[in-house]
Amino acid sequence: MKNKTKTGLISLILSMCMAVSLVPKVSAAQTEIVSIKTTLTDKTVDRSQSGSLSLPTVIVGYDSANNMRTVSVTWENDEYRSYKDGTFVFTAVPTDSQYSFASSCVPQVKVTNKINGDFDSNTSRKYYFDHKNDLLDFSCYYTENTFSNTAGYYDIKLSEKPILDYWQLSSGKISANFERTTENVWNGLNRASCVSSVILNSLQLYNFKLEVDYKHASNNWWYPYVLFGVQDPTRFFGKLYVSPTADMATGEGTDLAFDRSTLVGGVYAYSEIEGKLNVYGAVKDDGYGRLYFDKDISEDKNVLATYNRNETHRMSITVIDGVFGIQIDDSDVFYGDVDDEALGGFLGFAACSKGVSFDNFKVTALDENGNETKLSEALQGKAPALKEDNYTGWDSSKCPLEFVWGNGFDQSKR
Amino acid sequence: MLRKCSRALLIFFCALLAVIPFGGISASAAELKTEFSGASVPEEKNYTWSSITAVTSTKKMRKYFIIRTDCGGYSADLYISFPKEGGFRLQALHEFQKEDGLTSPQAGNNGLFEPDALEVVHYANDSGALLLYGGGDTIIRYTKYGNGFEMQIRNGDDKRIISITNLQISFAYDRKGNVVRSMVEMPLVSREAIYGGGERFNDANQVGHTISLTNFDCWSQPEYSYKNVPLFHSNRGYSIWFNMSYSGQADIGETDSKKYSVTFDGEKLDFYLFTGTPLENLKRYTDLTGTSGVSETWTYGFWTGAQNAAFEKGGGTLTNVTKLIEGYKSRYNFYPEACYAEGEAARTTSVTEYLSGKGIKTLGWFSPNLWKNLGSVSDLLPNVTEYPSFDSSGKILSSGQPFVYFSKYFKTYGKYKFFDKDYIDFSNPNSVEMIKACWEQYWNNGVRGSMNDFGEWFPFETMYFNGLDGDEMHNLISYYYAKSANEAWSNKFGNDYVLFMRSGCAGSQYYSGDFLGDQVSAYYGDDNNGYVSTIYAMISMGASGFNLYGADLGGLGGTPSDDLWNRWVQLSVFSPYMRQHGSVIHTPWSHGTQATKSFGSWYYFRKNIVPMIESAAIDAEKTSNPIIKGMMMAYPYQIALADINDQYIFCDDFLVCPVTVENTTYREITLPKGSTWYGLSDYENYGGGNTVNFYSPTSNFPVFVKGGAVKAVNVPSGMELGAEMHDESNDDKQALNALLITPPDNDRTSVIYKKTGQSTDYHTYNCTTETYENRRGSDSDFTILNEQGSDRQIVLALGVTAASITVDGQPLSSLAHTPSYTNNEYGYYVDTTGKGMTKILLPKGWKSLNIVKGSVERSSATLVSSSKPVSLVTSTGFKVFESDSVIDASEIKVMWSTAFADNYDIEYSLDGESWNTIKSESSEHTVTNGAGSVDTVDCGNISAKYFKIVPYDVGDDGEPAVNAVEVYSEPSERIEVVKNDTNIWKNFKEDNYDIPFEDISVGSLNGTSYKGMLTASLMIAVIFAGGTLFVVYYRKKHIN
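Note that the protein sequences, when read in sequence, are chains A and B. Position 250 of the first sequence, counting from 1, maps to 250 under this note's numbering, and the rest follow consecutively. Position 564 of the second sequence, counting from 1, maps to 564 under this note's numbering, and the rest follow consecutively.
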């Protein structure tokens, strides 16, 4: 406890020093704000009470000619992450470069981020997505491929992109912010196109629980994917199959295909808007790259009969020793096996269209028995590379019995 | 749900060091495919192999000896027991199985093949070792071996057969500690042979090969199989049967010539090891899994047929079927016993009505998903609930619809959800009802059998009604497929039907016959998956408990050459089932002169031996003695024979030597020691132990009958093999019960079974048993004894030129003609062509038949004898064959190469300038309408030094050429008693091999002493007696 307080103070001092260094020098073309009218108060965010960090987006102040100015701002603190417990001093930075704040009146807000038992930071990490600093821990990828119309199988690549070009933070959520460029028709080409993934860079757990809130876009059926076991974020979970009669303008005659090389893309789990759970990619499956849980087997109704596409849902994925269990809200748990190529690896989420949102991205480290364990001690890494089977078995030269054919056998040759 | 794994971290790091992809037990072993149409073996990855590293303790129990071991950090208990059936059994119980609550090893193959009982284990000390034995003659000498163990396996004679150490048993563990693969390795020594393995297309002897043990729709590719049975016989004196149905493979001395490794993708290690000969051990195997059945007599006849697409072409199915069937009738005067009318053909009323009207059984086609063409599930199974239902006590109320389940649903919830309503899950009892529903209306139209196809297409990652996952059921489903089909058809017809499956596994032989799968219409084919592969398949199946099977005569893929067609016909005659099938409609008359002319004779010869085949089928059902035995199976002690992959013993006494080279006229044949062999084509005798280069033109299939044989045959009253004969004709073509016998080298006993009446089912039938003693008397005579009194009045003595015969002590008359059956003309007739065949007619109820062997003097000259064809045409005219001196000739034998003349003259001359032609009484040329192979021409009495053959028309294959021309003098009229029989095998005992192969003189026992015959006087005919068995044309010629 004592050590923790000390760490907090040091952080605060460091933050204030850095805030000073953030004050821009005034250029000739800039308007300098020399006094602040907006009243700024310190904030306390209690995560246990669903608190969320919300800071003013504009500061009202006066320039040296005493003109009142309204300045749009962002709030900066390099240390802050929404999962971190502590006090952070945020400094306002004008988004419009024509404004600057005089060093005497740089707007600052002291934010106290209290996890307060919402999760155990020793074993878990949770992103609330209420500040863009959270995005510093993630990388963004997007499918940008040009496919030949020649029949065949084609790799689907994802290229790394600036995350805010494709995603935005609003209302304490991260939302896809890109438009689809292909039609809303279900085929391989369209499924391989306009997919943006957000990958958490820092944790590659073997045994974990991943929980995330998601919400479908309001105007289409495209999938909100939750990703795990991603070995190579630049690879999609499937390949594009182009049939000899494919129409590459519409995607008709194309499909997704799966082979060993696609396993590095990891596992993509999602619910269709009707509440049907799909798990695609590196899972031991029905031979078509997916597990498809479409029916309640005893009552012959949709798995999530009350599933409402317009509401926020929570997907929980537990992976222990290569066995995954997936639950949506309080549904039954659906089990499956992760391919060995998808053990460990990155976690994340992805979307296919604007409007899909995610929040409360929580990762908990587990041990091999399913108990929570310290993040610092959890088994991490990517799936081990596969090697040839070099087992040669028994050394036959060490057979203890020397067999003798004996008199009973005719040993002559033809 | 999630298995707790106390060693997960340890295992994970092990996995980092030894992460292994699926695809082979060893990097150096041959890579086998794991995916074929309809089946893809799930990949096992990231496992870590370890052999058993140490013994931690042992425990002596009353019926088990338990070896507790450490295997790479995991415990594994090995349970040794001695089944009542013989040998010993080893089963493993793994650490995590125990944690899951198991207290004893799980039986492989779903516990279907358990011993009747376990013997009490006897323990005894032996110089520091522990002897273990049960009630049989297999003894284990157990000793400590390093930190592990050695089990030295000994037979009843205390001979050391093989040893198994802890290091020869390995398990592969996944990250969680589950055993995902098991491997057992056995030593090999130089010249050791391994037979069995189910249906194998590569060879009979598997040493040097790596083979898959997963049932695949493999198009007969050499490394794969439709019917995997991991039963391996070693000629060193043991057999091992893995009571496991997982996917797997066996590297049999390919990677390491000193061992073979058998690997399975599963945890239930369970094998039986039997000491003894292969046949003794095959009996033990079938005691556990069941013998093959006995189908009705008509099934051993000839089945014609073709793919539905072939029938549908041109004029349509009925037209094509009619054309095919009437083609046989018009040319050969028979209707086939059955017609395989694939697909829609058998479901077409006009077709089945036509066939039924001709007395022909219609055979249809079935596939596990055929039902979808016939209706919905609710149509076909209206009273069956979708999923199983149970009462409150757990008793099953309904088995539900017979489809496989999506296993994760069951494992997660204990509930059922269909993986797919596609393939029938035959482990579900309602599969029987589904089969019935599919066939009901077609049964009523006359369908009497089914090809049960596509049993290799069952999914792996599903759960079956019997609770097993696909990894065990993919192969094992064939057992249930056969069982359900058998039950469905038996309920309707008793046993008056025939089923033949493509897939198979241990135990499937109990319920169904088989076909050999799909082969291309070529000798070898691009993938070595043609006709020759079927020879290996038949031998391997015989070693694996299968007995009722036959290949597609002609091959499924394509059209065979004329030469191959003839060979395939011949092979089919000597197959348990003779069935023609193809992607095109194969017909004999579309394969050239020889095929057209010879097929009728082949068909009728098949009809001749149907009683022999049926008897062998019954014997196999009763005793597991295979109808087809490869060389090692029949002669395990003759090591030199084990590598001969293309010879087999048929029905105990026929040595069948298929020709495996296109357009050849000779093949090398090695005759097993221990008996004299009698050529079925030339009736000559050949000494066992010899290797002969046998004249085998296209028409002549090398088959030899073992000395001392007594075989049941049917013949018409003319007593000719291959002559027209019918089951129910009530005339001189009526099939009559007969015996085919050969002189014994030493005393032998033969049992003939004959089924009587209609059977109740595949294993319930009535039959008579006839026991014949074939006793060697002096060097001159032998006696056939039948204590009950035989009703077989006709006896054909092959290889015998009888000097005299007595029956029940009374001398039998020597006749100048074949005895008249209708006139009860008891007596015998010695074929006057000098060939070794005596035809005997006996009174009913005879008990003792004594035959004094004789010989006939006759001189001969060989004008040309060459293994290479000698062309008749030279640049200056026709080739002249010159004798050393002037010879007196009464008979000329022309032995054609592949190419032959069908119309030709034979000219002769004393001086080489003035020529005469041997005239025919009835035709323009010496020989008219010949068919190649051998022409034997009666030339009256001529003297000549020069001969030439002048062809006018050529046969099927181009410029005519001969391999041999032989000229014979008039035989003496007196038959001399053979007094000094040089039979070296008369005192032969199976374990006495004083005479090695290389020391046997080829000439010492050949048939020359039997030559010198009587004057040929047969008219032109297609006959089997008196010359080459197969389509030999005798022509009586006289000089004008």
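No lab work stands behind these hints: they were computed from the structure. Owing to the predicted nature of the structure, the values given are computational and were not obtained by experimental measurement. Careful, some of the hints might be misleading.
[Claimed, not checked] Each pair of labels, with its calculated beta carbon distance range: (1) Ser813(B) <-> Val404(A): 35 to 41 Å; (2) Glu43(B) <-> Asn201(A): 26 to 32 Å; (3) Lys395(B) <-> Asn201(A): 54 to 60 Å; (4) Thr250(A) <-> Lys372(B): 28 to 34 Å; (5) Asn147(B) <-> Ser397(A): 14 to 20 Å; (6) Thr56(B) <-> Ser397(A): 24 to 30 Å; (7) Val404(A) <-> Gly101(B): 42 to 48 Å; (8) Ser393(B) <-> Asp155(A): 52 to 58 Å; (9) Gln441(B) <-> Thr250(A): 42 to 48 Å; (10) Ser397(A) <-> Ser40(B): 33 to 39 Å.
[What the hints assert, rightly or not] Here are the computed lysine-lysine pairs in the DSBU-like style, where the Cα-Cα straight-line distance is at most 30 Å: (11) Lys157(A) <-> Lys354(A); (12) Lys395(B) <-> Lys398(A); (13) Lys417(B) <-> Lys276(A); (14) Lys362(A) <-> Lys84(A); (15) Lys362(A) <-> Lys382(A); (16) Lys59(B) <-> Lys176(B); (17) Lys382(A) <-> Lys176(B); (18) Lys372(B) <-> Lys276(A); (19) Lys313(B) <-> Lys358(B); (20) Lys398(A) <-> Lys60(B); (21) Lys258(B) <-> Lys283(B); (22) Lys436(B) <-> Lys395(B); (23) Lys372(B) <-> Lys483(B); (24) Lys398(A) <-> Lys159(B); (25) Lys436(B) <-> Lys284(A); (26) Lys421(B) <-> Lys413(A); (27) Lys276(A) <-> Lys215(A); (28) Lys284(A) <-> Lys421(B); (29) Lys313(B) <-> Lys209(A).
Don't be surprised by glycine CBs; every beta carbon is placed ideally from N, CA and C.
Against the structure, the hints come out as follows:
no.: 1; hint: Ser813(B) <-> Val404(A): 35 to 41 Å; verdict: violated, 58 Å
no.: 2; hint: Glu43(B) <-> Asn201(A): 26 to 32 Å; verdict: holds, 30 Å
no.: 3; hint: Lys395(B) <-> Asn201(A): 54 to 60 Å; verdict: holds, 58 Å
no.: 4; hint: Thr250(A) <-> Lys372(B): 28 to 34 Å; verdict: holds, 32 Å
no.: 5; hint: Asn147(B) <-> Ser397(A): 14 to 20 Å; verdict: holds, 19 Å
no.: 6; hint: Thr56(B) <-> Ser397(A): 24 to 30 Å; verdict: holds, 27 Å
no.: 7; hint: Val404(A) <-> Gly101(B): 42 to 48 Å; verdict: holds, 47 Å
no.: 8; hint: Ser393(B) <-> Asp155(A): 52 to 58 Å; verdict: holds, 57 Å
no.: 9; hint: Gln441(B) <-> Thr250(A): 42 to 48 Å; verdict: holds, 46 Å
no.: 10; hint: Ser397(A) <-> Ser40(B): 33 to 39 Å; verdict: holds, 37 Å
no.: 11; hint: Lys157(A) <-> Lys354(A); verdict: holds, 20 Å
no.: 12; hint: Lys395(B) <-> Lys398(A); verdict: violated, 55 Å
no.: 13; hint: Lys417(B) <-> Lys276(A); verdict: holds, 16 Å
no.: 14; hint: Lys362(A) <-> Lys84(A); verdict: holds, 13 Å
no.: 15; hint: Lys362(A) <-> Lys382(A); verdict: holds, 20 Å
no.: 16; hint: Lys59(B) <-> Lys176(B); verdict: holds, 28 Å
no.: 17; hint: Lys382(A) <-> Lys176(B); verdict: holds, 18 Å
no.: 18; hint: Lys372(B) <-> Lys276(A); verdict: holds, 28 Å
no.: 19; hint: Lys313(B) <-> Lys358(B); verdict: holds, 23 Å
no.: 20; hint: Lys398(A) <-> Lys60(B); verdict: holds, 28 Å
no.: 21; hint: Lys258(B) <-> Lys283(B); verdict: holds, 28 Å
no.: 22; hint: Lys436(B) <-> Lys395(B); verdict: holds, 25 Å
no.: 23; hint: Lys372(B) <-> Lys483(B); verdict: holds, 21 Å
no.: 24; hint: Lys398(A) <-> Lys159(B); verdict: holds, 20 Å
no.: 25; hint: Lys436(B) <-> Lys284(A); verdict: violated, 36 Å
no.: 26; hint: Lys421(B) <-> Lys413(A); verdict: violated, 57 Å
no.: 27; hint: Lys276(A) <-> Lys215(A); verdict: holds, 14 Å
no.: 28; hint: Lys284(A) <-> Lys421(B); verdict: holds, 21 Å
no.: 29; hint: Lys313(B) <-> Lys209(A); verdict: violated, 63 Å
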